[in-house]
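Student: Could you build all of it, start to finish, from the sequences and the hints given here?
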Amino acid sequence: MALLTAQDLRLTHIGPPLLDGIDLQIHPGDRICLLGRNGAGKSTLMSILAGIRSADAGTVHRDTGVEVAHLPQELPDSEMDKSVYAVVASGLGEQGESLVAYQRQLDLAELQGHPDIRALEAAQQEVERHDGWDADRRIREMLTRLKLDGSAHSRHLSGGVQRRVLLARTLVGTPDILLLDEPTNHLDMQSIQWLEEYILRHVPTLLFVTHDRAFLRRVANGIIELDRGMLTRWQCDYPTYCERKEAALAAEEEQWRRQNQRLAEEEAWLRKGLKARRKRNMGRVRALERLRQECRQRRQREGTARLAIQEARQSGRVVVEAEAVTLGYTDAPVVRDFSLVIQRGDKVGIVGPNGCGKTTLLKGLFGELAPAQGQVRLGTNLEVAYSDQMRDALPPETPARDIVAEGNDFLDVGAKRMHVVSYLRDFLFTPERAQIPCKLLSGGERNRLLLATLFARPANVLVLDEPTNDLDSETLELLESKLVEFEGTVLLVSHDRQFIENVVTSTLVFEADGQVVEHAGAVPRWEGLWAGAAEPEPRSEKSPATSSSKPKRERPRKLGFKEARELEKLPEAIEAKEGELDALHSFMAAEDFYRQDEARIKEAVERLEPLQEEIASLYQRWEELEAIRLHSEHKG
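Using our numbering, read the sequence shown as starting at 1 and increasing by one per residue.
Treat the hints loosely; a few may be bogus.
Said to hold, decoys possible - With a Cα cut of at most 25 Å, we get these calculated PhoX-like pairs of lysine-lysine: (1) Lys245 with Lys482; (2) Lys577 with Lys562; (3) Lys147 with Lys82; (4) Lys482 with Lys416.
Keep in mind the hints are simulated off the structure, nothing from the lab.
Tutor: So, in structure tokens, the structure goes:
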């Protein structure tokens with residue numbers, strides 16, 4: 001039985017309907033990815049399903065007792081004056097309220113220097129009455145996993161950190177259905193990998209929107225697409241969806257071509273004269289009118305973005321050379337003893353946890369930050385386009401057209417002079433959207449504006465900081481292809497694993513203690529990339545060694561024979577289990593699954609979680625052994 005059913009949802013703003021008769025059912029065990037281009041109405045549909053806004057027509061019905069949790073795009077004003085802990089706790093209803101009241105008494109006691117014993121005891125009893133201590137543990141686990149400070153004030157956080165706070169609030173409860181709108185935005189790879197595992201283990205039913213194709217492939221067991229107001233369910237994986245969608249669009253285009261040809265022929269027949277109006281031909285005239293009506297009702301897709309990177313004259317062969325560079329404070333460096341040569345045409349990805357120093361490294365490489373030690377030499381004829389600088393400088397009240405063309409009506413794009421509105425059309429801005437203030441643009445529009453500004457100026461070095469945020473998959477794949485074709489040099493910071501894999505020629509990975517390690521190409525396997533980083537050893541309480549004692553050099557542990565054989569066989573075992581899981585997902589995603597024999601349904605549902613745990617255990621063992629192998633090779 002469906003947990004949630006939407007029937008004939010309709011919504012119109014200006015122009016064609018945003019939602020045009022949407023029908024949707026969400027069943028237990030569904031993990032559905034909602035795809036669609038920027039502006040298709042995905043976030044609007046999610047908010048209607050969550051009960052936050054209403055459609056013009058249609059109904060949304062939840063089964064009795066079904067609880068839905070929704071991840072919005074922005075922190076509401078009502079939450080701005082709360083602590084991070086209080087915002088996350090608000091996802092737990094009365095349980096959370098009792099915990100916030102208890103925390104308030106603790107904070108007050110610390111501020112005044114002595115507790116109000118009666119008030120503290122009453123608050124504690126409320127927590128116990130609501131069985132709140134386990135909920136407190138869950139809140140603090142979410143704060144740790146998403147790298148949040150529970151005591152921080154929400155209003156003072158960046159937009160990215162506020163999004164992580166909202167994600168923690170959404171995940172901390174135990175709803176029947178999760179509605180997640182771009183959950184991986186502003187998460188680093190560690191957090192994305194944790195989120196994947198958390199969903200697979202603890203979230204049985206969800207509908208989500210994402211631009212992260214690796215996350216989609218790992219989490220989803222079904223795909224639906226919102227295109228021109230209509231919802232289509234695709235019974236296939238993402239790569240197959242891409243192939244089938246392309247074929248469907250080609251078939252639609254061919255159908256419309258034939259329809260246009262037939263319409264032209266019938267219109268020519270009608271213009272021949274009065275013969276067409278004879279009674280025996282009125283049926284053909286009525287058929288022509290129906291054909292005209294069909295053609296009027298067709299909804300064209302919005303145009304595809306046409307990205308074009310303006311290349312400057314060729315740079316020197318060596319673009320950047322760093323030698324034994326340390327960045328940050330000498331006693332606490334962000335980057336330690338880093339050496340690298342970047343040559344013309346290199347595409348370098350930079351990955352690491354949030355706050356590890358990726359932006360610091362970029363600034364150090366291009367002369368915006370002087371190294372504490374070592375030296376950086378820049379090559380000749382460099383024309384650097386730096387997206388992060390422009391993102392910080394986007395003026396909220398200025399229209400997109402004035403940002404791109406600096407207030408002019410025309411700009412030179414390569415050897416071509418273009419009107420700014422025409423240029424912005426290539427980035428999917430209508431003339432109306434090109435005129436509105438930047439603060440009113442959506443996240444996808446703001447990112448396309450950054451790309452439009454970046455690519456309008458000739459460059460032979462592109463520095464891109466999270467260029468994929470809020471882009472739809474079609475624009476994302478086009479950006480990938482343009483960067484691969486670009487003959488200059490690219491440095492990009494991204495947490496999008498597939499984007500990194502498709503673009504880069506090498507990857508810089510931040511590890512512990514400011515160490516940055518270069519990998520040829522993309523990292524072979526992202527899972528557990530930072531899992532081997534050891535916690536700092538506690539300092540010994542023994543007396544310090546005398547000057548005559550020699551420090552012992554710890555020999556790195558190597559894999560034993562049996563462990564090496566086990567590591568060799570683990571990928572095959574994981575692949576077999578994942579194949580079994582894929583088959584089980586397909587079986588449970590079938591439309592007739594819940595019409596089968598009750599014993600078969602029960603067997604499939606009961607097999608799902610143990611199988612996911614087996615796969616997670618195999619991955620964990622692979623990570624442990626692989627970390628030992630890599631550590632021994634690095635130290636050896």
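Student: Each hint needs a verdict: does it hold in this structure or not?
Tutor: Now for the hints, and whether the structure bears them out:
| no. | hint | result |
| --- | --- | --- |
| 1 | Lys245 with Lys482 | holds, 22 Å |
| 2 | Lys577 with Lys562 | holds, 21 Å |
| 3 | Lys147 with Lys82 | holds, 18 Å |
| 4 | Lys482 with Lys416 | holds, 19 Å |
Checked against the numbered hints listed earlier, the structure breaks none of them; every hint is satisfied.
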